[in-house]
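Protein sequences appear in the order of chains S and R.
Under our numbering, the residue at position 143 of the first sequence is numbered 315, and the numbers go up by one with no gaps.
Under our numbering, the residue at position 90 of the second sequence is numbered 92, and the numbers go up by one with no gaps.
Honestly, the hints are just simulated from the structure, not real lab data.
If you're wondering where the values come from, they're calculated on a predicted model, not measured in any experiment.
Just to be clear, a hint being listed does not mean it is correct.
Said to hold, decoys possible - Just the calculated beta-carbon pair ranges, DEER-fashion:
1) Ala302/S <-> Glu145/R: 49 to 59 Å
2) Gly77/R <-> Ala244/S: 16 to 26 Å
3) Glu11/R <-> Asp275/S: 46 to 56 Å
As the list claims (entries may be wrong) - Each computed DSBU-like pair below joins lysine-lysine, with the alpha-carbon atoms no more than 30 Å apart:
4) Lys131/R <-> Lys226/S
5) Lys284/S <-> Lys325/S
6) Lys226/S <-> Lys103/R
7) Lys131/R <-> Lys225/S
8) Lys225/S <-> Lys66/R
Virtual Cβ for every residue (Gly too), placed ideally from N, Cα, C.
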Amino acid sequence: MKALDDRPTVVCNGMIGREAFTAEDRGQNFYMIGSMGLGLSIAIGVAVTQPDKKVLCLDGDGNVLMGAGVLASAGALDLKNLHHVVLDNESHGSTGGQATISDKIHLEQIAKASGYAYAERVAADQLEAALPAFLEREGPAMLLVKVEKGNVKGIGRVTHTPPEITARFAQACQG
Amino acid sequence: MPQTTEFLEAMQANGYDFYAGVPCSLLKGVIRRFDEEPEWGYISAVREDSALGMAAGAFMAGKKPAVFMQNSGLGVALNAIVSLDVIYEIPTLIVVSWRGKDGQDAPEHLVMGEIMTSYFDNITLGEMKGLPWRILNPDTIAEDVAAITKEIDERKVPGALIVAKGILDASS
């Protein structure tokens, strides 16, 4: 999370949100606790409204697959300030690790075909080196990170109420 | 004043400045104006729930959003309404057409046409008994937009302006 400076970040539901909260809670994070598949749509709404701010969507493979049509919206809107990091563990982590289908299809290629200016995949151990330069790219840009399946034991839940998340994210977006 | 023009002026007068949606023939006058006048910034979304997601992001980033859809899209939209807009307290005006009104329409519209207002009445959470809705009356367009806006802003919930055939079909 340290590489993210102060940019508004929409974090998808499921384990990714809980991990982001536990790793480093920040007011710029919008933790989605439901509405699976809509993280990118929310990030698009922020990016359109605040064109001078860089906006990140921290997503998972299950979420991207569910809202795959929205990749085309991001591409068609040509949002230069939108970055999309997808943590792809090829599974639905919070419901028991059931397989998605991202082992068989390439989400970053769908993003490219949907008009993303940049979309590449990296291995988990390449993320730290790749992230700073990626976050400065012209968007819409996707970095798909192949990560291991499995949840961290004892990971926390987001303790803020949804209205609290709304209020502090709004302040971060508009501040 | 022509109805679509009156409606759009009422939207502006009530502060709306972010528009997204999926079209309906009953709303085609408004959507045509959006297409012809890019200054509205209308986003043609791929799904109704995506339009609501964009609206939520825009709201938190400082805009006042309205989302347009056919009532068939309420099925797709339900999860966004209940697990995003309601629990995060994001007021969004949903301008929704009323296909299937009075049982007079193509078969695919009849169920949603019949449950149109009860759909919103049945979205409840503890003390919150239903979401606000209002049927747009062609004789009181400005008052209707103002009234539903006041209610969703005060209650911090999404709410619907329901549009029957023959009101916003023409672009003037």
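| said: When the structure is checked against the list of hints, which entries are broken? Sort them ascending. | reply: Hint check: 4, 5, 6, 7 fail, others pass.
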